[in-house]
Each structure stands twice: as C-alpha cells, then as structure tokens.
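Novice: As you go down the protein sequences, you meet chains A and B in turn. The numbering used here puts the first residue of the first sequence at 24, with every later residue one more than the last. The numbering used here puts the first residue of the second sequence at 12, with every later residue one more than the last.
Treat the hints as calculated values from the structure; they're not laboratory data. Nothing here was measured: the structure is a model prediction, and the numbers come from that model. Ideal placement from N, C-alpha and C gives every residue a C-beta, glycine not left out. Worth double-checking, as some hints may not be accurate.
[Claimed, not checked] What follows is a set of in silico ranges between Cβ atoms, one per label pair, in the way DEER data are often shown:
1) A:65 x B:113: 17 to 23 Å
2) B:120 x A:64: 33 to 39 Å
3) B:78 x A:64: 48 to 54 Å
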Amino acid sequence: MKNELRVLRAKHNITQAELAGKLGVSRQTVNAIETERYDPSLPLAFKIAKMFKCRIEDVFLVPN
Amino acid sequence: MNSQVPESPLNNQKSRWPISEMLTRGTFATGTAAEKRLILRSRIVSGVMLVWALVGIVTHMRPKPVMGSITLFLPAALGTYYTVEKRKYFLSLDELTRRIELEGMAWAYSLGVLAALWVGGIGYAVSLYWPLDTKLLSWVPFFLFAVVLATIKGTFRYFATQRY
C-alpha cells in the first residue's frame, strides 16, 4: 500500500530507528512499511497516524 | 534492532536484517531483555550438553543404565527449559518479525512432515534389504527435529526477511 511515511518522517526530522522506538517496533518494520513491502496492522497504522498528528488516510493512500 | 551505521532521516533506505544472528542464533537482534535471556539460556543449554558429552567420553557411559537414562532425557529437559524462554521471546517480537517467525514455523511443519514421510519411506525400503541398527534408528527423531526442521526454519527466516 502506498504511503507517505518517509515524507512525514523527513518532515519531522526523525530516523527510522527513532520512529521504530516510538512505535515499539523494529527499524526493519518501519523500513518495510516505507518501501511498501509490508502493510502494517490496523492498530500500528493508527499509532503511526497519531504519532504524526494526522488522519490515517493522510499516511496510507487508498488505492483507486 | 541494533545498527552500526549512523542514520539520518533520509539516508536509511535499506532493511539491513541481522543475517548472522538470524542464521546462527535464530533471533532478530532486537536487543530486548527477552532476547538476552534467550541467548543466555541457549548458552546454558549448549554448555550443559557439551559438558555431558565430555562426561560421557570420560566415563565411557558407565554405569550404563544411569548414564543412558540421563542421556535420553537430558535433551528433552534442556529443550523444555529453552522453549519456555523461546515462547517469551516470540511474544516480545513486533508484528513483522512475528509474522516471519510464524511463516517459518508453518513451513518447517509442512516440509518437516514431508521430510518425515520421505525418510520413513526410504528408511523402510532400505531396512527390507539391509536391516538397520536400532541404535541408528533412535537417532532419526533427533535428526528430523533438530537438524531438518531447524534448518528449514532458519532458511525460510532468511529468505522471508529478503522480501521485506
């Protein structure tokens, strides 16, 4: 699933490792989500949206 | 997971899975307390097995009933001791690593059953022509579970992480 995680992370100036630490997941998980090789669970997706203070659909783009 | 490379928000594009830890210890180098406990236990288990092997060599497995009984049950007892901690480690994993581990278990089970069928069939066919030593047969479960399944799971873990 396409997402804006890398852009949001860059805007907030945090590394994958820092974000992973805040989310309680591994850095590889953050990397896999960013590179669109892994779709996170709904709770993790909500956690990511909450962390960047935006809506879930602002992070994860709904496919047409 | 531990990383030696300094990161900035944009330079980190690769997954960099801890291949050596995955293939040797079967862990994801999470650096958590659960992982440290698991590594400690695996060292204890390996240490005890090594010491017991040395004791067996020195004593020539005598008295046989006592030494034989301990040798039969020691791997199972140590395996139980290790597996309790392994379960805690599994529960401490995050969703992606847990998924990889679960997929590895599923493949190890499926291919393990298949391997057991082949080994059983071939073993039976061979035994019709060359009667097998019962001592040799007693090692088949150890071979299947410890060597075949662990290798399948470890191999799958490696290939699965390359997808992410």
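Novice: It remains to establish, for every hint, whether it holds in the given structure.
Specialist: Now for the hints, and whether the structure bears them out:
Taken as a hint, the range 17 to 23 Å holds for the pair residue 65 of chain A and residue 113 of chain B, whose Cβ atoms sit roughly 18 Å apart. At roughly 24 Å, the beta-carbon separation of residue 120 of chain B and residue 64 of chain A lies outside the given 33 to 39 Å, and the hint is violated. The hinted range of 48 to 54 Å is satisfied by residue 78 of chain B and residue 64 of chain A, whose Cβ atoms lie roughly 51 Å apart.
The structure fails hint 2 only (numbered hints given earlier).
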